Structure formats: structure tokens, C-alpha cells
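In the order they appear, the protein sequences are chains S and D.
When you line the first sequence up against this note's numbering, it's residues 133 to 659, in that order.
When you line the second sequence up against this note's numbering, it's residues 121 to 449, in that order.
By construction, these hints were calculated from the structure, which means they are not laboratory data.
A portion of the hints provided could be inaccurate.
Computed, partial: chain S to chain D, Cβ under 7 Å [claimed, not checked]: (1) 210; (2) 264; (3) 266; (4) 483; (5) 493; (6) 502; (7) 503; (8) 507; (9) 511; (10) 512; (11) 513; (12) 514; (13) 515; (14) 518.
Being a predicted model, the structure only gives us computed values, none of them experimental.
Ideal placement from N, C-alpha and C gives every residue a C-beta, glycine not left out.
In case you want the letters, here they are:
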Amino acid sequence: MNTSDVTHISEESAQVTTPILSLVNITKKFPGVIALNKISFDVRAGEVHALLGENGAGKSTLMKVLAGKHTPDGGQILLNGKSMVFATPKQAKRSGIVLIHQEQSLVPEMSVAENIFLGSLPRKSANRVDWVTLHHESQKILDSLNCSFSAMDIVSDLSIAKKQMVEIARALVVTPKVLVFDEPTASLTDHEKPVLYKMIDTLREQGVGIVYISHRMDEIFHLSQRISVLRDGEYNGTVNTADTNEDEVTKLMIGRSLELDHASKPTDFGDNMLELRGLTVDGVFKDVSFSVRKGEIVGMYGLVGAGRSEVAETIFGLRKPSRGEILLDGKVARLRSSHDAVVQGIALVPEDRKDQGLILGMNCRDNMTLAGLGSVSSNGFMNTGAEKNVYDKYQQAMKIKTPGWRQKVGNLSGGNQQKIVIGKWLHTHPKLLILDEPTRGIDVGSKAEIHALIKDLARTGYAVLVISSEMPEVMGVSNCIIAMYDGQVTANFAGGAVSEDTLVQAITGQYVKDSDAPAGLDDQPAA
Amino acid sequence: MSAILDSVNSMIDMKRFLSGGAVIQPIWVFVVAITIFFSVMSDHFLSLGNLTNILVQTSTIGLIALGMTYVMINGNIDLSVGATLGLAASLSVGLQDYGITVAVLAAIASGVVLGAMNGLIVWKTGVNAFIVTLGAMIGVRGLIFVYTEEQSFYASNFAFSDFGISTIGPIPVLAIIFLLCALLMHLVLKKTVHGRNTFAVGGNPEAALDAGIRIGRNMMVNFIIVGFFAALAGVFLATQMGASTPNLGRDYELWAITAVVLGGTKLTGGFGSITGTMGGVLAIGVLRNGMNMMQVPAFYVLVILGVILISVLIIDQKINVNSSKGVQV
């Protein structure tokens, strides 16, 4: 990403530092599976050590062993050369190994300080909370991390990125030797990430060993000094970040190189399938106008809170527009509920597949047919044979990996879950497919497959609207990019001909649409 | 205690092994166990007469529990069913001057209307079903007193009470109707679009909405179903007694919920079955009847039922935790 960083990192990795943490032949078995098979690697003081692997490769299990949640069936954990056995997470934490969770575990109504010391509040006599010490100590930790908020702030008022920092600050209450980050940027936007990176750098300079789990290559190459790769529960090697590249690491991770993502974008467009004319929901977004043609992929890019998902929800009938029109296939559409939207051929793959897209306790087949039960039933009675056929069709078409249709979707990996959500909609034969953050939290292999799938769908005539916070994704799949800032469309780049800088300006409100706008805007209605 | 839990665990595992993967509901293991226990302990327990008697005794709670299963799979609850039962019973006896058909239809209609009101309020306002139906429970009980002026009614038409004790062959008609209703409700839940949507709405309302399912309508239909069955149970009870009292059906909502929960339906929604509920209904019926046969004093019966309810749920949770372990990698 940034050339000055690369040289900086290679100097760092040239220094030989002693390992602060070593894992030697760690093995963990579950009934019927060997989750971890003789994993060995080490973390040096003052390095960021990235841990990579597809979903199900064993990263989470390894981290749980490290944090004392699982006891290993074999192997040793050496901390500063001493063999450690952790029976509980508390013991691991006390020894200086702290796991920072993917899911946030803060009490939203409490102050930052109370959250940092939750469970170990400083006390005065008679068990009273020592507020003075609490705030003083908390502020000290926040200052050491260069945080811009106060220990007295209420957590629910903070942005997601700041909440993440509170989570990190909490880990610093006991001076940690090793910090483990599990997908820390999963819920952050491109805009918020640098703040986290800076904090990780600060910690690294203080001599903390950092294990960094992420699916995002750009992050890993930006932050880490070394990369270790797991595949199917086996250790697959460690490389110096400065001596490798994305292709090599991907190959280590999935055992093959990725060609899929280079699939070309669709080129044949038909008439307008969706057209928005001055669509407004008061207080949320205003005057949104753009169109999506048959066979076209339109990317919608912006920060969280810019109103992108809300636009999608309005098209899908979940929000009532205050003004403006939604035209489907050239006709003004009446969309008063999600049911209306589905009937009229709109499909929405939501932002949060676990909370909005899937019924985790239901099996794969039932989730797949959920949006189109009409076509697999007659007179209200289910035809399970037809259902099974639908499931088989999309399972094969999208290469969904499941042990069988009876499997509960909650047990599948993120990539396969997302394919089920997409399959659910393909089964309804929609005219317009809206995908909100289609690859969030999905490993690189599946991500490329989903990108290729989106392009294939457009090529077969679907009109596709992709909402994403990831710039490479938006630029990689879209024929046309719409930038949103603060509830308004700030730019509309046709043909994908736009630089990263311009795009960032557009979503932060610094880009003004004027005569400099790229050619090709003429097919968009004027707002 | 742990020895008991272990032995139960191994029993379930063995069952799963013998049946080749199909999971036997724990409550049915329990029903079989107590049936064997009472057969040994009492000479009169295991007879056709007593067994059909248990079916008739449990049909009241059982009918409500059938509807309650749908509502609870939906992630809701209905506390007003006991009061609905009481109102329907009073109407079915009190309106007999207009003919039995009119009286029974009016009674059933009252249940349907009350269910529709509960459903409509939950749908349109989004207020928690617990609160809405708690209010309905109090209010409807008040309505009964308004209508009956605190009087008990006696059936003037003997055809009405004759129906309650009529049989087809050796089997009481009420038991047959109850079993047919259970079969119907089982099929609707398993085989129809409505049944599938019921699971989806309870499993994840947001995802169901996102799939274009009309979740409000689905909930309302289920409230109407439970209202219908509560009213039907009221009519059943009135024909058995040939009378109605204004306090009829008190605590029945709790017994129905107990049966449903014993049957493995989750209070959080999205999971449950009619077969499980039938197991729960029979467990309560067999325990009550069996202890009665053994001449356990009535108050102790309640104490024992309470203890058993909690124990069964603890064991159930233990089994579920065990079975969900290990698979995760």
C-alpha cells in the first residue's frame, strides 16, 4: 500500500529478536477430527506475526488453546522459554496472553473506564468503587494508546473503531506479553482502520508480541513482519513478509493459485432494470438517483453510516420513501413490504448474514428454499422432493461444501453460508439482485469464488447492485461505481474509470461533482 | 445426581445408536419409563380403560398445548388461553337456549376472535406477546365474570353432556378428536408452507422478513389457532362436566406451557414439534393419573410435578450441551 512502510518493515525483520512465545507441536483432537496437528511457530517480542488460513483451517482453535479455553492433547506452549499449562482463560490472561475478541463484549451503557476495569474495579474500604483511581488508571491506558476519547465517555456513544480500542485498552490492564487479534478490522471501514494500525504499531514498539489473524491481504502485508499459514489443521510454513507476495501466501493457504478473481467484468447491458429518481427518506438519505441496467454490476461505495444499506432497504420495501420514485423495468413500483419486493423480483443479500440472512438453526435445504416456498409447494403443502432438487441444483452450481442438506447452516463456514443466502435468492429468479457487503468475514478463496459468481450472474442478465466498504471489491467487480457520503450520492463513476484517491475523496465529502467528472455519466438521470 | 445424568446420557446415546441416527425425543423415553414404573407399582394402571381415561383427562391441556406449540415456535407465548377456555365454556353452556350448535359455534368464535386480537396487537404494535396476553388473561377473566355474573351454568340439554362421555367402540370420542387434532397439527407444522414459515419467523424474524415472509400475518394466524384450540378445550371441558364455572381454566396456560416446554420446544422460538408436545402432555397426564392410583395426596402430587419439571429440563439441557460439543472445529 505504502512504499515507505515496506522498507521500514524489512529493516525491522532483519533484526534477530528472541521469541517471547513458542508453540511446539500443539495437537488438539475433537471426536472424529484432528483440529490441530503438531502446530509449531513462534512470536518474537515487538513483532506482528500474522496467522493465515481459510475458515476451518484451525486458527480459532489454535487461539483458544493459546488463551486457555481448550487444553491441548499434545505439545507445549513456551512463554519466555518456560513451559506453560493453562487450565482457564484467566490463567492465560494472568501470564500475559490476552485474546482480543472478534465479537465485542462491552457493556454499552457503562463508561469507558468501567468497561476497561470490568470485573476488577479498584476498590476502597467496604467494597466501594474507587472512582478516582478508576478514571485515573483508565485515562493513563487510553493516553498510552493515543486515544481521542475520554475514560468518562459512555461506550454506546463511541464509533465501532473506538469501541475496538476500548477492547484493546481492556487487554492492557494486565501488562500483556502477547496480544492476539482475531479479525480486528472485520467491522471497521477503510477510513477507521489506520487508527487501529497506529495503535498496533504503538504496542509493537513497546515490545509486545502480536498475533494477528485476518483474511485481508492488504492489512497483513501492511502490518506484519512474518506470516504463518495453517491449512486443514496443519502448519504450512512461516515466511518473512518482506520476502513474499500475495500470490505466494495465497498458494500456501489454499494449495492453488487464484485465477478466478481475474474473470472479466460483464460487458453487455440491456435496458434499465432499476431506476431511482430523487429517492429520499427524511433524515437518512436524500435525492438518490441512479440506475442499474440488465447485465450490469453497479457498486455502491461509502463509509458505514453514509446511507448505503438504507437505500437498499428502501428499494427492498423495508423503509418508506418520503419522496422520489423507484422504477422497476421502466414502471413505477409500489413497494410497501419486503413481500412486495420479493414478488416483484427484488432480492437482497443482507449485510449481516447471521442476523438477517439465515436461520441458523434450520438446515441447509430449508434455508435455501425459504424465499421461494411458492414454487416448491402446491396448495400450501410442501413438496420436499422439489425442495431437495432446488437445494441440489444450487449446491452443485455454487460448489457449496456441506456434509449434506440436513446440516444446520450455523455450522457452515462464512463463505458457504453466504452462498446459501445467494442460492436462496437465485431460486426466486429475481430481476434485481442487491448484495450488501457480500464478502464480509469470508476467506480469500471463497471471496474470489463469490466475486466470480457475481460477474457470472450479471453476464446471464441479472441487474446487480453491490454495496461494499472494501475498495478493491468495488473496483474489482463493478461496471459503475456510485459514491455516497452523508446520505447523498457524491459521484457516479461509469466504466470503473476512477482512481483510488478520487474515490476516497468522494466518500469523505471532499470531491465535488463538476465538469471534471469522468465521461459516461450521460446515461444517468440528473438529480 | 451426576450418576443419574450419566445413565440418562448413555440411554439416549444407545437409543440414537439403535435407531440409526434418528433422534428419539428425550420426553418419550421419560413417558415410557414412568409408564413402566406405574404399571409395576399399581395393578389398575395398565388397562385400556385407564389409558383412554388419561387421554380424555389430558385432552383439555393437550388441545391448548397443540396451539401453544405453534405460538412458542413463533417465539411468542399466549398467557390468555386459560381465560379464553373459561369464556368459551361459559358461552357453550350459557347460550344453549339458542340451540347447541349456536352455543358451540359462538364459544369457538369467541376463541378465534380473542386470538385474532392478541395477534393483531402483537403484530401492529410490536409489544411483547407476554405482556399483551398477560393483559388479555386478566381482561378476559373479567369478561367471564361480567357475562356469568359469578354464576355457574348447568347444561339444560342432555345431548351436550352425553357427547362428552360418548365412545366409538371402547375409545371415548373426545380422545379420538384430540388425537386427530394432534395428527392434523403435526402435518400442518411439518408439511405446509405455513408450518415452515412458523419455524422461520421464530428462528430469526429478521431473516424471515428479509426472505419476504409476512411475519406479522404468520404470527396472527398462530394466535388464532391457539385461541381456537383454547375455546375447543373449553367446550370439551363443559361437555365432560355438563356445566361451566367462571373460574374454569385457571392455571391451564401454565400447564400447557409446561407440556410444550417438556416436549422440547424452545422458549426462544425456532425449534419444537407436535410429537414432543404430545410427549409432554402425556408425561403430565401419566404422572398425575399414576400418582393418583398410588394414592399420593394431591398436594404432594403438585410438589413432585414441579420437581420433575425442573429435573427434566436440567437433564435436557445437559444432553443438548453434550450433543453440541465435539462437532465444532
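>> residue 515 of chain S was flagged as interface toward chain D. Is the shortest Cβ-Cβ separation under 7 Å?
In response: 9 Å, violated
Checklist line | Evaluation of the interface hint that places residue 514 of chain S against chain D, nearest CB under 7 Å | finding: Status holds, d = 5 Å.
Does the closest beta carbon of chain D sit nearer than 7 Å to the beta carbon of residue 210 of chain S?
25 Å, violated
Satisfaction of the residue 507 of chain S interface hint, Cβ to chain D closer than 7 Å = Violated, because the Cβ-Cβ distance from residue 507 of chain S to chain D comes to roughly 11 Å (cut-off 7 Å).
- Interface hint outcome for residue 493 of chain S [beta carbon to chain D under 7 Å]: Check passed: Cβ of residue 493 of chain S comes within 5 Å of chain D, closer than 7 Å.
- Measuring from the C-beta of residue 264 of chain S to each C-beta in chain D, is the shortest one below 7 Å? Nearest chain D Cβ about 41 Å off; hint violated.
Going by Cβ atoms only, is residue 518 of chain S closer than 7 Å to chain D? 12 Å, violated
Hint residue 513 of chain S vs chain D: min CB-CB distance below 7 Å?
5 Å, holds
- Message: Using the nearest Cβ pair, does residue 266 of chain S come within less than 7 Å of chain D?
- Response: Interface hint status for residue 266 of chain S: violated (36 Å vs cutoff 7 Å).
- [ ] Verify the interface restraint on residue 502 of chain S: the C-beta must sit less than 7 Å from at least one C-beta of chain D.
- [x] 5 Å, holds
Can the hint on residue 483 of chain S be confirmed by a CB-to-CB distance to chain D that is less than 7 Å?
Because about 10 Å separates residue 483 of chain S from the closest Cβ in chain D, which is outside the 7 Å limit, the hint is violated.
Hold the hint about residue 512 of chain S up to the distance rule: shortest CB distance to chain D must be less than 7 Å.
-> Check passed: Cβ of residue 512 of chain S comes within 5 Å of chain D, closer than 7 Å.
In this structure, the earlier hints numbered 1, 2, 3, 4, 8, 9, 13 and 14 are contradicted, and the remaining ones agree with it.
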